[in-house]
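Chains as they are written, first to last, in UniProt numbering: chain Z, 1 to 527; chain R, 1 to 527.
Be aware that a few hints might be false.
Stated by the list, open to error - Rough simulated footprint, nothing fancy, chain Z against chain R, three-plus residues with beta-carbon under 8 Å:
| hint | stretch |
| --- | --- |
| 1 | 6 to 17 |
| 2 | 114 to 126 |
| 3 | 194 to 208 |
| 4 | 318 to 327 |
| 5 | 422 to 434 |
Bear in mind the hints are in silico, worked out from the structure with no lab data behind them.
Built from N, CA and C at the ideal position, the CB exists for glycine as well.
Protein chains: 2
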Amino acid sequence: MINGNNVIAGNYVEVDGGVFNATDPSTGKQLTGDFHAADTLLIEKTLNAATAAFKVYRIISPAAKATFLRTIADKLTAIGDDLINRAVAESGLPVGRITGELGRTTGQLRLFADLVEEGSWVDAVIDTAQPERTPIPRSDIRRMFSPIGPVVVFGASNFPLAFSVAGGDTASALAAGCPVVVKAHPAHPGTSAMVAAAISAAAIETGMPAGVFSMLYDNGYNVGAQLVKHEQTKAVAFTGSYNGGMALIKLAQERKSLIPVFTEMGSINPVILLPAILNAEPETLAAKYAGSITLGAGQFCTNPGLILAIKSEGLDRFVTSLGGAIEITPSATMLTAGIWKNYEKLSGEILAEPGIELVTKSTAIDKEKVNQSVATIAKVSAEAFIANKKFGEEVFGPWSLLVVADDAAQLQQVIESLDGQLTATVMAEKEELPLYGDLLNALTEKTGRIILNGVPTGVEVCAAMQHGGPFPATSDSRFTSVGTGAVYRFVRPIAWQDWEDSLLPPELQQANPLNIWRQVNNKWTKE
Amino acid sequence: MINGNNVIAGNYVEVDGGVFNATDPSTGKQLTGDFHAADTLLIEKTLNAATAAFKVYRIISPAAKATFLRTIADKLTAIGDDLINRAVAESGLPVGRITGELGRTTGQLRLFADLVEEGSWVDAVIDTAQPERTPIPRSDIRRMFSPIGPVVVFGASNFPLAFSVAGGDTASALAAGCPVVVKAHPAHPGTSAMVAAAISAAAIETGMPAGVFSMLYDNGYNVGAQLVKHEQTKAVAFTGSYNGGMALIKLAQERKSLIPVFTEMGSINPVILLPAILNAEPETLAAKYAGSITLGAGQFCTNPGLILAIKSEGLDRFVTSLGGAIEITPSATMLTAGIWKNYEKLSGEILAEPGIELVTKSTAIDKEKVNQSVATIAKVSAEAFIANKKFGEEVFGPWSLLVVADDAAQLQQVIESLDGQLTATVMAEKEELPLYGDLLNALTEKTGRIILNGVPTGVEVCAAMQHGGPFPATSDSRFTSVGTGAVYRFVRPIAWQDWEDSLLPPELQQANPLNIWRQVNNKWTKE
Chain Z
1 MINGNNVIAG NYVEVDGGVF NATDPSTGKQ LTGDFHAADT LLIEKTLNAA
51 TAAFKVYRII SPAAKATFLR TIADKLTAIG DDLINRAVAE SGLPVGRITG
101 ELGRTTGQLR LFADLVEEGS WVDAVIDTAQ PERTPIPRSD IRRMFSPIGP
151 VVVFGASNFP LAFSVAGGDT ASALAAGCPV VVKAHPAHPG TSAMVAAAIS
201 AAAIETGMPA GVFSMLYDNG YNVGAQLVKH EQTKAVAFTG SYNGGMALIK
251 LAQERKSLIP VFTEMGSINP VILLPAILNA EPETLAAKYA GSITLGAGQF
301 CTNPGLILAI KSEGLDRFVT SLGGAIEITP SATMLTAGIW KNYEKLSGEI
351 LAEPGIELVT KSTAIDKEKV NQSVATIAKV SAEAFIANKK FGEEVFGPWS
401 LLVVADDAAQ LQQVIESLDG QLTATVMAEK EELPLYGDLL NALTEKTGRI
451 ILNGVPTGVE VCAAMQHGGP FPATSDSRFT SVGTGAVYRF VRPIAWQDWE
501 DSLLPPELQQ ANPLNIWRQV NNKWTKE
Chain R
1 MINGNNVIAG NYVEVDGGVF NATDPSTGKQ LTGDFHAADT LLIEKTLNAA
51 TAAFKVYRII SPAAKATFLR TIADKLTAIG DDLINRAVAE SGLPVGRITG
101 ELGRTTGQLR LFADLVEEGS WVDAVIDTAQ PERTPIPRSD IRRMFSPIGP
151 VVVFGASNFP LAFSVAGGDT ASALAAGCPV VVKAHPAHPG TSAMVAAAIS
201 AAAIETGMPA GVFSMLYDNG YNVGAQLVKH EQTKAVAFTG SYNGGMALIK
251 LAQERKSLIP VFTEMGSINP VILLPAILNA EPETLAAKYA GSITLGAGQF
301 CTNPGLILAI KSEGLDRFVT SLGGAIEITP SATMLTAGIW KNYEKLSGEI
351 LAEPGIELVT KSTAIDKEKV NQSVATIAKV SAEAFIANKK FGEEVFGPWS
401 LLVVADDAAQ LQQVIESLDG QLTATVMAEK EELPLYGDLL NALTEKTGRI
451 ILNGVPTGVE VCAAMQHGGP FPATSDSRFT SVGTGAVYRF VRPIAWQDWE
501 DSLLPPELQQ ANPLNIWRQV NNKWTKE
């Protein structure tokens, strides 16, 4: 039933060898479907098709792009339960979560459709001519964002829909006007196949150039490496581990031509518990964070892996309460056997470091299933944390490390010792915030998003979202991979000087036929 | 009179050894002033000062930044003739050109002052809370651009003022809120010293944190390499040669943390002469291009180094006329002996390639001076051009290569064989443009700026300018190094979630106290 051949420009293309299968991580059992790793010839064919499609797709109308994106969303919704069930089977994530994720995925596609249809996202800037200017007349110059070329997207394991084949990277690249080549994640090839079929059908139905979308399989690293190094690839988007992201960066550095490689490599998302709130409501905080730490078996880039506080009686109560909640948190199936093994290995290694103290491990483990996450909380002193880089590593899973400072000055030192982060969170009473100005400034320097009295998990898909922080959280903190801003990873400005009005892109024509917001002679206007 | 010590956070710091001097390129004679190459200790001191300054400068008020930038401009204007004379002596460029460049430099500083004072450049995006939303309430999320950290700027040789110590890179980085460390160009250290003194004085006068500006000397590569590799450096800006730019890229790839390195590495700036205009007014076109090719001894990134046309009687007349104009073009002093030698060597090598024909070389050479540029025009067939990559290399100087195609199809092939470019120019009659849709699309894919019936030299400093094209023209085509857009190289978005209004940056506060344009719930408004 599932066609496991590579999808190239709307066609299934057969290839010899390289067959692999999907596994249900909760049982370790093989799922249906044979998937075929692509070879060099297919990669060549795929990128030729993408490059050819780019010539047409880069200047296609915003309305046509919007229709394409909405049709993808419609087709994903139409698959419905089959898609949800397969994603659940391949990821071990619960039905409720995957159902929500499908909604998020189609919502994202529609949001980008709205963005391109409205049209102002191209950031049109017009400086009109000043023929009378002395000593030199000024030319008419008009600039807007234009797509960069074929984008290679790597499916992420932890969001088999929302950060995978039709996820935010694909949606934003297609919105930008870039053909997309997806390297399917080998942990959910069946889900990927169903989504790729939906995108291909939508492309055909809406008259897109064939090479606007392709998807290649591989359960190793060869196809991904070749895609990143291919000279026809013009940008790369990846969400995953630090090691995975850095491997792609290194491959891209071997290229003849430089291209943007956006890798979101996660972070430990520090949470600062300020004293007044900590002493006022330690149990409430503990309950909130027990939930955030263990949500989705902790398999979020924004999982709160680090909790920072100054020692106090409130902190002791917080620890006791958090420990109690974690101890009875039921285990959950992790995404893959490899992720489960890494979680066990890395959490074990860190727990073996000098100076660390285990607070608690969950004892509610489902013995009927495999790859079960064991929620864990540990504790170190601020001094030990600063001295040992190992404590700052991301442990992907339901893990959080509590760092106890003697005073505010030491808390500030901990913050200044941190690497770049996707998020940072402050739990505080309103009144105590102004007392921690330096601390908040130091924290802001380290992060892409700073949250007050919330949890970092749950990343809203909206215009204001920033999901990208200083290295090593992402390869380039100047961009986001969530929200409409994600489109700017895949565009470059082009300026037209003294160009013939009727031959300009509609966005830049004098009459503003698309009725978009533009910056004309330094004023924002629709005129 | 000129203090040639390194300028660190407002102080002259002495260092042993490494003395070098400036040379007048028109005579080869040494100019006054001893300049001292920095050492590792000074580099460390400089970046520590810049990092400390960043904590203050990143959140300084827009008004304070604007005053700082304008004070720099005032102080440069106040030095006036002394600065102009020194820059002329060090660069060999004529007084008129340097006077104009000083105006451009101060104009740039004032333009960025206006930009930060007006304030909307931060691209504030506000998505307000939806507490009633189901299944999950939406948080209040507010995002704006914030500075990235200390920026290392390399002075460029060909614009000793406008792309050097207080040039566009420095102005845009300071406008962004980033401290700047300049690596002075060794060809104009005296000019650099005078400008650095002006910036330091302006920083003190306007109460900026001391480390907001420093400048280090070196007549070799060591200081630049250390600056690029230093972990406290958060971005790099460079304008120069492909080899220089790529050397910095490679150094940055050895870093532990990834940072943006914007290198503008020049291009050959193709000019397409379409048939109708070529046959209507070949002599006018020739006169226009003789001027553009030889302006400033051809030492512009946007110099038209490649002219493409279809063979015709009009083209023959164009060549005859261009040749005649070039033959009597007076020689000019090139920026340095090294640049002159490279020009002689590379133009000689290309002229020795099979299939090339010399059209003409200037015979009006000033024998009283050294390092004199010899304007040169050569000719090849489209076939030969496509077959030999050497013909596509940038020859920095008054050189242009004419490529003759048999027909429009072959002209298109030449365009598709080109590397990425800063600019592309089309000379055409209005009526013939629609006949060349595919050709114009192919050309647009290759370039950052496309010009109709003008010359690529002369880069307007304005909001709509794009000075940056696909690799190898620049390291990242998504940014510009000229115009107000240059500021976006040095900023990253930060999002505040559910943050306390009074503690938000003013740009994001509910009442919009700075009265800037913001995108609130997907609508542009000042409310």
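Numbered hints the structure breaks, given as an ascending list: Per hint list: 1, 3, 4 violated.
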